[in-house]
Amino acid sequence: MCKNLIALGILLALLGACSFDSSGLKKPPGPACGNGELEEGETCDDSGVEPGDGCSAVCTVESGWHCDELTLLCQPVCGDGQVVGTETCDDSGVEPGDGCDQDCSVENGWHCEDEPSSCWTICGDGIRAEDELCDDGNLTPADGCDIDCTVEEGFSCQGNEPSICTAECGDNLVVGDELCDGVNLNGESCQTQGFYEGTISCMSDCVHLDLANCGRFCGDGVIDGSFGEECEGADFGELSCLKLGYPGGDLGCNDTCQADVTSCETWIQVALGYEHACALRSDHTLWCWGANGDGQLGQGATSTQQQTMVEVTALGDTVTAITLGEYHTCAVKTDGSVWCWGRNWNGQLGNDTNTSSSTPVQVKIDADRTLDGVTAVTANEAHSCALTTAGAVYCWGSNWQGRLGDGTYIDRRVATQATGMAAGVAKVTAGKGHTCVLKSNGQVWCWGRNWSGQVGDGTTTERTSGVQITWPTQPAPLITDIVCGEEFTCVITAAGGAWCFGENGYGQLGDDTITDHGTPAPVTGMETGIADVEAGAQHTCLIKTDGSLWCWGNNYYGRVGDGTATERHLPVAVMNMDDEVTGAGGGRRSTCGIRAGLLYCWGYNYYGQLGDGTNTDRYVPTPVAVP
451 MCKNLIALGI LLALLGACSF DSSGLKKPPG PACGNGELEE GETCDDSGVE PGDGCSAVCT
511 VESGWHCDEL TLLCQPVCGD GQVVGTETCD DSGVEPGDGC DQDCSVENGW HCEDEPSSCW
571 TICGDGIRAE DELCDDGNLT PADGCDIDCT VEEGFSCQGN EPSICTAECG DNLVVGDELC
631 DGVNLNGESC QTQGFYEGTI SCMSDCVHLD LANCGRFCGD GVIDGSFGEE CEGADFGELS
691 CLKLGYPGGD LGCNDTCQAD VTSCETWIQV ALGYEHACAL RSDHTLWCWG ANGDGQLGQG
751 ATSTQQQTMV EVTALGDTVT AITLGEYHTC AVKTDGSVWC WGRNWNGQLG NDTNTSSSTP
811 VQVKIDADRT LDGVTAVTAN EAHSCALTTA GAVYCWGSNW QGRLGDGTYI DRRVATQATG
871 MAAGVAKVTA GKGHTCVLKS NGQVWCWGRN WSGQVGDGTT TERTSGVQIT WPTQPAPLIT
931 DIVCGEEFTC VITAAGGAWC FGENGYGQLG DDTITDHGTP APVTGMETGI ADVEAGAQHT
991 CLIKTDGSLW CWGNNYYGRV GDGTATERHL PVAVMNMDDE VTGAGGGRRS TCGIRAGLLY
1051 CWGYNYYGQL GDGTNTDRYV PTPVAVP
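Residue numbers (the numbering used here): 451 to 1077.
Certain hints may be false.
The list that follows gives simulated cross-link-like pairs (lysine-lysine, DSS-like), each with its CA atoms no further than 27 angstroms apart [stated by the list, open to error]: (1) Lys877 / Lys814; (2) Lys693 / Lys814; (3) Lys783 / Lys814; (4) Lys877 / Lys889.
For the record, the hints were derived by calculation from the structure and aren't laboratory data. Computed from a predicted structure; not experimentally measured.
Assemble the whole structure, with the sequences as input and the hints as a guide.
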């Protein structure tokens, strides 16, 4: 016992000699967060201090998470209404089929947002979910599955990813690719299928029509006029371009068995003299009719009259432009030469003689040279003028009151250049005793007889050379077209308005008066929309841009074409010429117009100048007979 006490004393003495100084160390303030050990004060420790993984930077469990005390693993709490971690939704529940699955992932065909998550199906994604009755992968209506993913009437839809929808044949509803369904023919009939008669039915597949009871159709080889057929293939029966009023050509037959007139010849220009008329065909042949006492029809002989048209065969198919004077005719050929025939008392044929000719003679500029390079001609009572490609104006014939514009009163038997008109002219037009030109700069110049103010310079002084017309207001507008009547003149402005000046005793100026005007006056109601203007002796006509024809002035014999003989001081619509009018011409007492390529004339017909095979005056447009 004593020995043990002695040993213990020695040990304590030794320990007292070897002491440990811990005064420099500090005791830790608490548990070490992030060391992977769950210590006092910690509710989790995932070996990290990054937030958002369930265990916060101070080792407390984050909202929406659960951390296991043994494994120290943290997982989102699915069903608590908070979307955390790998959760893509959390609708506060864990039941599948509501958009947010039991593992808090968005189910196919759904879209989820917010906390707690609200989920709804995606219509058009090709996945049928919850309340969707179909989903065909698009939002196109009328394909069976509507834009709200409900099955459309008349369809059935099968499958979920995506739904396949088909029309239900037999329900009398025409949907999808069905052409018909039961008794529902969807507006189809034998007629809609190209037949003329019969009863149609729907076949059992709903995509074919039963045409067995339909009959008679275009293409069956039989022209059936009772159903409006005019032809069958190459069979036209008795129909031809001529029978339809066209001057020639070949008919075609379209797919509705109607005659196609595309290849028929048409009329492209018409002109009238005092008692005869001529028209130019699209094949460039010239045809004339009416009085022929001076050979003005170009037939190589004279005659009292010709009630139906005859061809001027001497010119062949080379004519490009025509004009008619009182008793003579002139034409331009494709080679630019000018040929005239008929009365030649004042040299108006231009062949250096005063001998009338019933066959075309070539216009000359002197005894040895012909007039060439011509694009247009114009004529009236006893003089003629031509326009060349260089824009020069040449005139010949009677020069009474200076109508030739060469500064003299001397008649000319050959083409003579008008003074100051060597170039720059766009159009020339002849009145009975005066002549006017439209220059390429939009100005109008006139000369000749001026007793009614038809020269347009504000005076009644005759002019032997050109003077510019005086416009009543300034600045003067640009002019785009011009025509001379017997003792008056009309123009069209660039704005599409019609203006006239000169004699107005029959209201031919169209301003609702019978007062002459020495300067241009507007045609009432025709301030815009005018495409062309033509003139007769004492009446005027114009074509609007809508293709309608309007006339006014002296209406004796019905030359205005409104079905009456009442003098018109304002424009009136010509009957049955309300569209597709492309040309017109006025004579002394008659008028002609071209509508849709066909030729019509009306007015005085004593010499057969209307060309309808009679001498009956016409008060409305009447078709010209074609040979």
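Worksheet item: Which of the numbered hints above does this structure break?
Response: 2
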